[in-house]
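Colleague: Spelled out from the first residue to the last, the chains are:
There are 2 protein chains.
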Amino acid sequence: MSTAGIVVIGNEVLSGQVEEANARYLVRELRALGVQLMRVVVIRDDVDTIAKDVRELSDAYTHVFTSGGVGSTHDDLTLTAIARAFDAPIEPHPVLMGMIERHFGDRANDAVRRMGHLPRGADLLGLDELRFPLVRVRNVYVFPGVPEYLRAKFEWLKPKLADTPFTLKAVYLNVGEDRIAEGLASIDAQYADVAFGSYPRFDTDEYRTKITLESRDPDLVEAALTHLLGELEADWVVRVD
Amino acid sequence: MSTAGIVVIGNEVLSGQVEEANARYLVRELRALGVQLMRVVVIRDDVDTIAKDVRELSDAYTHVFTSGGVGSTHDDLTLTAIARAFDAPIEPHPVLMGMIERHFGDRANDAVRRMGHLPRGADLLGLDELRFPLVRVRNVYVFPGVPEYLRAKFEWLKPKLADTPFTLKAVYLNVGEDRIAEGLASIDAQYADVAFGSYPRFDTDEYRTKITLESRDPDLVEAALTHLLGELEADWVVRVD
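Taken in sequence, the protein lines are chains S and H. Under this note's numbering, the residues of the first sequence are numbered 144 to 384, in order. Under this note's numbering, the residues of the second sequence are numbered 144 to 384, in order.
Among the hints, erroneous ones may be present.
If several chains are the same, the list does not tell them apart, and a pair holds so long as it fits within one copy or across any two.
As the list claims (entries may be wrong) - Okay, derived cross-link-like pairs now, DSBU-like style, lysine-lysine, Cα gap no bigger than 35 angstroms in a straight line:
no., residue 1, residue 2
1, Lys353, Lys195
2, Lys195, Lys312
3, Lys301, Lys312
4, Lys303, Lys195
5, Lys312, Lys353
Worth flagging that the hints you see were computed from the coordinates, not collected in a lab. This one's a predicted model, so the numbers in the text were calculated from it and none came from an experiment.
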């Protein structure tokens, strides 16, 4: 089973100057791919902080996705930080530097040439297919913060990440979660490979509690669902889907 | 200057079953209050993980806000984890337990009584004004994950958190950030108490780069803005606001 962590980098996100859209997009995409997202951090433009979070997530999960901090200005520190995370030097990458020189032509200056530096050992993915390649350092995929660029690159990467997808069932009840908490805890204990969630809702008359069941094994989800429905009063159940 | 961290707890957020709305709300509110948000983490329903993140943020920042994991079901682990974070026992709180017994009456069971347990030393805030009180453990404010409940409690808390607000200016340019990166880095280095940001934009003709200047000292922001505008070609500037 593959797992993932997301690191969103940027003071502008924490200060609310820019509405966060990338984690939101990746959450949905990873779910559809069957990759289990374990942790999202949103952090400031600070080399030590970025390095520490990237290293921790890289050690703990199959994939790490970073968003932001890869432009040409003083607050673009992500690649420097990833180099530090892995004790690697950061150095000019001949292929990337060539692309930057061609793109900027006469306007190439030290600031944009800085974007041609990568941690040693970095890979450039999608060179023939993407307008600008996707940078990967070990298991860390380095995405730009601009949502349309992140999405274009992730769309390209997606087929390479697919895992067994999750099967999800939801049971909607017209009673509060206090009524089912004890029974649900007992069923949860019996199905180690099924994740159960319970979510109260107060702003609609449609239902009061939503119980979710989730696993990569569809048969287990069905078995757990049958078990759960057997424990509930029939007139509590609004619908199952 | 007060700082803050946010801990969003819940598998349902990471798996995309529930759209995250609370961090988004708190980001805007903290900005308006002048509280500097340093870090947001979104984590799974796991006691050790919650305890570690809460402890780290509590040690590092003025305020910590948690969201989620405070209901009566098996996945509601936040208060247990906060107790562990501070090596405190978790025990029945007489006032809170009394409220729960009254609220649930005949339907009170072990699951809902678990919600009457708090880490030793926890405070109940807003007892006379809120429908259910806000729990605080040291500098950690414990919010429910249901957005309307979180907001009702935060609205109550807001006036108690206010700090000197930030002054923000933005300069919109019709050139890419590569053109201003070097000059901006130099000005940034001269104004330690002003935060500069640079954000490219590709999906509009209105501008290509937005430069932000931010500080709690309005005079410093004005001085830095004047300095910046003096360094830019006049016909690059689309507008300042």
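Colleague: For a quick check of understanding: which of the numbered hints are violated here, in increasing order?
Modeller: Per hint list: zero violations.
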